[in-house]
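Using the hints, position chain B against chain A.
Spelled out, the chains give:
There are 2 protein chains.
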Amino acid sequence: MTDLFHLETPSVDALKFMMDAAIELEMEREPSDFLDKVLHYSRDIVGARAGSLYLVDGDELSFLACQNDDLDISQFITVNTEQPHKIARTEKSIAGYASLHGEPLMIQDAHHIDNSAPYSFDPAIDKKSGFHTQTILAMPLRHPKEGVIGVMELINLQIKDTHHWSIGLVRHFAMLSASSIVNLQMEKSLEAAYLETIFRLGVASEYKDDDTYAHVQRIRYTSRIIANEMGCSLHEQQAIFHASAMHDLGKIGIPDNILNKPAHLEADEWEIMKNHATMGAEILKDSDAELLQLCATIAVGHHEHWDGNGYPNGLAGAEIPLEARIVAVADVFDALVNQRAYKKAWPIEDALALIEGESGSHFDPAVVEAFLNRIKEVKQVQQRFLVTT
Amino acid sequence: MTDLFHLETPSVDALKFMMDAAIELEMEREPSDFLDKVLHYSRDIVGARAGSLYLVDGDELSFLACQNDDLDISQFITVNTEQPHKIARTEKSIAGYASLHGEPLMIQDAHHIDNSAPYSFDPAIDKKSGFHTQTILAMPLRHPKEGVIGVMELINLQIKDTHHWSIGLVRHFAMLSASSIVNLQMEKSLEAAYLETIFRLGVASEYKDDDTYAHVQRIRYTSRIIANEMGCSLHEQQAIFHASAMHDLGKIGIPDNILNKPAHLEADEWEIMKNHATMGAEILKDSDAELLQLCATIAVGHHEHWDGNGYPNGLAGAEIPLEARIVAVADVFDALVNQRAYKKAWPIEDALALIEGESGSHFDPAVVEAFLNRIKEVKQVQQRFLVTT
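Line order of the protein sequences matches chains A and B. At position 65 of the first sequence the residue is numbered 417 (our numbering), and the sequence of numbers has no breaks. At position 344 of the second sequence the residue is numbered 696 (our numbering), and the sequence of numbers has no breaks.
Excised from the complex, chain A in its bound form:
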């Protein structure tokens, strides 16, 4: 691989390698894998045996990737991308210096850095691992608009001449990476805002009900546990997690005196109450967004019964979308074991008996089985999100 870049002139293969690297970055949407790839390709360009990657986080640098071809680093270093190790972003560290000045910094010998330099290398790192750090290229990840968003340290390079064209190329690649990282971060925060809005809409729709935030959370987590047990894909599990929040959206349209009646509903009131399934789907209808379509599916379908005796459409068996069958079990269980305006909280064992008893009539037997298999986790969800009112 290294030969592609270290010849006097680049080869056609080097061009194709760079394009492939760019395509790989474009295809990778998982942030931690993305940063690993950035580091890997950058190391390839200059033939570096090891490397680390940090992202700027205020006046700190978050340690997010680490690679070493000569060492099993997992014995010495743990990279935790959820709660990353952080170092101060100051001139005292090599990475900090490069990130603050925004220019690449080449260290020819980490163990003999001139005393006049503001930065230094801690020899304890090598002592601990047995690795010998010699050259370090600290390359800022500079975004054309956002400025320096991170820094890579490439260690023990084949190329030591800072004027070699492959150093210029890694600089270009670092800039491409910075642009891609900023786009990926934007995409992730847009996605988070979208999912948060769906959750808040779900909570808001329960605003006048007995408990709101906690009920929606319990439905989301319980539905996801069942979906997981039933072998749904990760994508499907996440979709049902988010979309189940909106199952009672239509309650927005139900009159207060029926919604909050502190007793069982009369037959005519019950007819009005049943409209909430259709109204929820009405609010969400005709959306192009896959997740909002699923929200509508769950809203309209979560009171259908396996035997066809549910509402609003009297669907039966597999005519009822799986996600609605799953939320049906999660929702009834949650309503039973928690207090409502018209009833006390049931003991969990009584609720389980009812759900088992209605397997095959009210509920899909396969969903009930999955639910019971994972009842330990379902109980933990109940403990985690207690009634908030």
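Source of the hints: derived by calculation from the structure; they are not laboratory data.
Straight-line Cα separation of at most 25 Å, BS3-like style, residue types lysine-lysine; simulated pairs: (1) B/540 with A/497; (2) B/696 with B/613; (3) B/696 with B/626; (4) B/389 with B/512; (5) A/368 with B/389; (6) A/560 with B/626; (7) B/560 with A/560; (8) B/560 with A/637; (9) A/389 with B/368; (10) B/637 with B/626; (11) B/368 with A/512; (12) B/368 with A/497; (13) B/479 with B/444; (14) A/560 with B/613; (15) A/540 with B/497; (16) A/479 with A/444; (17) B/444 with B/480; (18) A/728 with A/696.
For clarity, every value in this text was computed on a predicted model and none was experimentally measured.
Chain B only, in chain A's frame:
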């Protein structure tokens, strides 16, 4: 530029050019400019005088970019990216053939294509423009997972040998472009789903009110017109357009008998009604998402008065966020000129007189001035979104 790629071996500058092209694509978030850049860079690699770009849309190809260095094409061809011209995706056209087979197709002379080929070139195109089409390279935009998502036609190339390395490079570049296009499309549909969810939440919050969809639309458009007149940036105008939909979100928490009372509210009822401003902000509080923060700001602030006599916090003047001051005018005007449970629709002139009269007391004078300056467009909004109940 062309020399970079057409030498026997590539130069370092060619590598840097490719990296720069990749960065440019990564930085460009406007879809039509993005496609123009894809075409431009691809043409540079093979020294093509002209080119077109199509994206696959079911069994059609949408014509989305067109460039010609030798001709002012605007006289002959219009590219409409909103409602693009479409051609059938069949083997009869060169672009269609390449997109269906997923392999580059090189035509040495467009005017002398072998009769046995399923595709042909229409000489009327050249006749009309006076351009002479000779070589055509039809390059599929192939995504590693999604397959062929589009096709580029590069016309009158400097490189005619299909085995030349720069043809291979343009193929790589087309693959990078395909990945970027798919990501950009995903980002745009995620954004659309997010904004749609906010709008639906706004409409849902008015579900029990007299008119819902139409009222929310009128507030959005009127607020944006005012923001535009006041010199807000395009980003700010779009933010207020979307966030204003949620101004009455807190109505979800107001009892029906107060919300829909067919008469003016008693003092104690009015106190409860006023809670809707705080409740709206409560539902949306502590969000990291900039747009949801603005939703909360507008929800809590749109009943404050310029003179400090509004609610819930009695803020005055510039203490009230501009967006809330803008929605205040849009909302009061809309409530006046439309029928409500407790009142008839006012004539527009009476509503304008009230708003002018309360400039400096209820309303920010600068907002009132902007609103009046653009009253013609505000009236058009009223016409466009009539009461839907």
